[in-house]
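2 protein chains.
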Amino acid sequence: MNKAQTQSDFFIPRLAVIGVGLIGGSLALALREAGAVGEIVGIGRGLENLQKALDLGIVDRITQDAAEGCRDADVVFLATPVRTLADVAAAIIPSLKPGAILTDGGSVKAQVAQEIEPLLRDDVFLVPGHPIAGTEKSGAEAAFATLYQGRRCILTPTKSTDQEALLFIQRMWATVGSEVVLMDVTKHDRVLAAISHLPHMVAYSLVNAVGSYDRYEENILEYSAGGFRDFTRIASSDPTMWRDIALTNRDALIEMMERFERFFGELKEDVRQGDDGKLFDFFQRSKQMRDEIL
Amino acid sequence: MNKAQTQSDFFIPRLAVIGVGLIGGSLALALREAGAVGEIVGIGRGLENLQKALDLGIVDRITQDAAEGCRDADVVFLATPVRTLADVAAAIIPSLKPGAILTDGGSVKAQVAQEIEPLLRDDVFLVPGHPIAGTEKSGAEAAFATLYQGRRCILTPTKSTDQEALLFIQRMWATVGSEVVLMDVTKHDRVLAAISHLPHMVAYSLVNAVGSYDRYEENILEYSAGGFRDFTRIASSDPTMWRDIALTNRDALIEMMERFERFFGELKEDVRQGDDGKLFDFFQRSKQMRDEIL
Ligand SMILES: NC(=O)c1ccc[n+]([C@@H]2O[C@H](COP(=O)([O-])OP(=O)(O)OC[C@H]3O[C@@H](n4cnc5c(N)ncnc54)[C@H](OP(=O)(O)O)[C@@H]3O)[C@@H](O)[C@H]2O)c1
Ligand SMILES: NC(=O)c1ccc[n+]([C@@H]2O[C@H](COP(=O)([O-])OP(=O)(O)OC[C@H]3O[C@@H](n4cnc5c(N)ncnc54)[C@H](OP(=O)(O)O)[C@@H]3O)[C@@H](O)[C@H]2O)c1
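Residue numbers (the numbering used here), protein chains in the order written: chain A, 1 to 294; chain B, 1001 to 1294.
Treat the hints as calculated values from the structure; they're not laboratory data.
Wrong hints could be hidden among the right ones.
Example chain B residues on the side facing chain A (calculated, C-beta under 10 Å, incomplete) [as the list claims (entries may be wrong)]:
no., residue
1, Thr1084
2, Ala1086
3, Leu1120
4, Arg1121
5, Val1191
6, Ala1209
7, Gln1284
Cut-off 16 Å, straight-line C-alpha distance, at most; resulting in silico cross-link-like pairs (EDC-like, lysine to aspartate or glutamate) [to be verified]:
no., chain 1, residue 1, chain 2, residue 2
8, A, Lys187, B, Asp1162
9, A, Lys268, B, Asp1060
10, A, Lys159, A, Asp184
11, A, Lys287, B, Asp1238
12, A, Lys97, A, Glu115
13, A, Lys187, B, Asp1230
14, A, Lys97, A, Asp123
15, A, Lys287, B, Glu1136
16, A, Lys268, B, Asp1291
17, A, Lys287, B, Asp1230
18, B, Lys1137, A, Glu255
19, B, Lys1287, A, Asp230
20, B, Lys1137, A, Asp74
21, B, Lys1159, B, Asp1184
22, B, Lys1268, A, Glu258
23, B, Lys1187, B, Asp1251
24, B, Lys1268, A, Asp214
25, B, Lys1097, B, Asp1123
26, A, Lys137, B, Asp1291
27, B, Lys1097, B, Glu1115
28, A, Lys268, B, Glu1261
29, B, Lys1187, A, Glu222
30, A, Lys278, B, Asp1238
31, B, Lys1287, A, Asp238
32, B, Lys1278, A, Asp238
33, A, Lys278, A, Glu292
34, B, Lys1159, B, Asp1122
35, A, Lys268, B, Glu1258
36, B, Lys1187, A, Asp214
37, A, Lys137, B, Glu1292
38, B, Lys1268, A, Glu261
39, B, Lys1097, B, Asp1122
40, B, Lys1287, A, Glu136
Note that the Cβ used here is the ideal one computed from N, Cα and C, for glycine as well.
Pulled out of the complex, with its shape left as it was, chain A reads as follows (with noise of 0.2 Å):
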């Protein structure tokens, strides 16, 4: 019995990482730290990031080859950006070893079940899931092993997820620290949606409504530090990443975005009315529902 196991009786003899970046290396550290993994082989597009993640202790080894880098894996994690999931699978499926469990960490559900539960085989088990965890860094050098203590993690089996291989995953995921939730993958797209994308969508563009305003006016971003950097830090998010998102959760985000829309719509005619009653109540609503969030 080698020091991992006594650590921790889940255990993941070969793991492999497809995009080992703030999701992918951050999980890898954490179950590295929590002596619950054996081999880490991590796979990317780049070698630049590839050979951060090994000199970073990340990973064990590194291969721009995916399907020979996940042949051996017990479990393999993809967390690249959404839209690369399923083109990514398909190259992986065909070479993985019986029993293999494949699991995500991508931001919207609902596609990816669709495009990659066509593509899996008898022997090799998908369960899509998501950590609710994550900065606005990007890259292997901004994983860091306690990402996901305390945190939720989504997962979202569908009528034809393998109960073991969930369970597995569920495993996986309470070793690192976090809480797992089991959720339908359509709810799963419209809470994302509702806490999640829409905040971005409304955040990205705060930042150029102000920053581009900024460009022939005053200098309004040289006052900005403070709160309106806490405030727009989620805009520096990665672009790829929440193009991704935005394409794929496209019905789920627009809804919201409409809803947000008509909000502040009405917001807006209560200051031109000069309405002090629905002023006051409208701001008094959202605080009260914001401070009820724990």
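Let chain A serve as the given structure and place chain B with the ligands on it in line with the hints.
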């Protein structure tokens, strides 16, 4: 020479703070800590908050009678919601001693200056100001001595502002660790509409849109700890304060809200049309601007 005066050569023998909340209370604490103030009188509307301010050692004595409390003050700091500032000023100006300096921390400056300047006496000086510092908390309990350290404080003198009084208030803010910036009053209100008032309107609308969706749908806010909670922190700010800001900076705010609506609407159309390139550019532009903010 007392101990206080040896610590700092800036000194206010008697300071009156009207509205001993986050902004007023923090200035009192900071000046005291710098040894830059003798007696501090706390003035307010309700006894409960005043009593807390006294218990917390923020002020030396308290009164609900503003005129009485300010009678001997060298400096009066107005820190009540912006739409109350003129009434409060009107109530105290007749009883101020000759040479007294009236200054404020209100978040909107044009209307305040317009309303208070006509009320002034020849021997009482007004210096309009706005510390760019704050939290979403309010009341005396929210005050802390380091709030202004390393932050900017904007003063917006008009052509009738006394130069000596201006210099004195500049030194006051420098004493509590702020970098003082002088700015044209109209520019102040436009800059703040962009970097502070608009973001608050956005955050309040976002929480209302998402939180009320929750009511008849799935328990969305339950999943909103973390990112959403952090992003919407400013929507926990005081409704009275923000109603007053929205109403007194109406024109600049509406202009910025409409500007934001255009950008947000453009983004929504790009999402609807699934326009890869435009979406990437929108996010990329925003990330670049955001990353430039120090
Ligand atoms: N960031 C968050 O807050 C967060 C939270 C939850 C879930 N997620 C999801 O997690 C996934 C990864 O996000 P992240 O934040 O970790 O991004 P990241 O830090 O940019 O990492 C993604 C990695 O994937 C690699 N990659 C990109 N395209 C690839 C391809 N076609 N084939 C192989 N490798 C590729 C990139 O390396 P190269 O540049 O070398 O290709 C990069 O290192 C996304 O699906 C995202 O939606 C993100
Ligand atoms: N919070 C920020 O981030 C921030 C930043 C910069 C500037 N400001 C400005 O600073 C001022 C104060 O804001 P704050 O955050 O310190 O608010 P706060 O914590 O709520 O304090 C305001 C205080 O004023 C008192 N008050 C309210 N109406 C009054 C009246 N008519 N007469 C006398 N006292 C009255 C309140 O006490 P009672 O309830 O007992 O009346 C309260 O303690 C506002 O003008 C605001 O725009 C705020």
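Task: Structure versus earlier hints - violations, ascending order - done: 1, 2, 3, 4, 8, 9, 12, 13, 16, 18, 20, 24, 27 and 33
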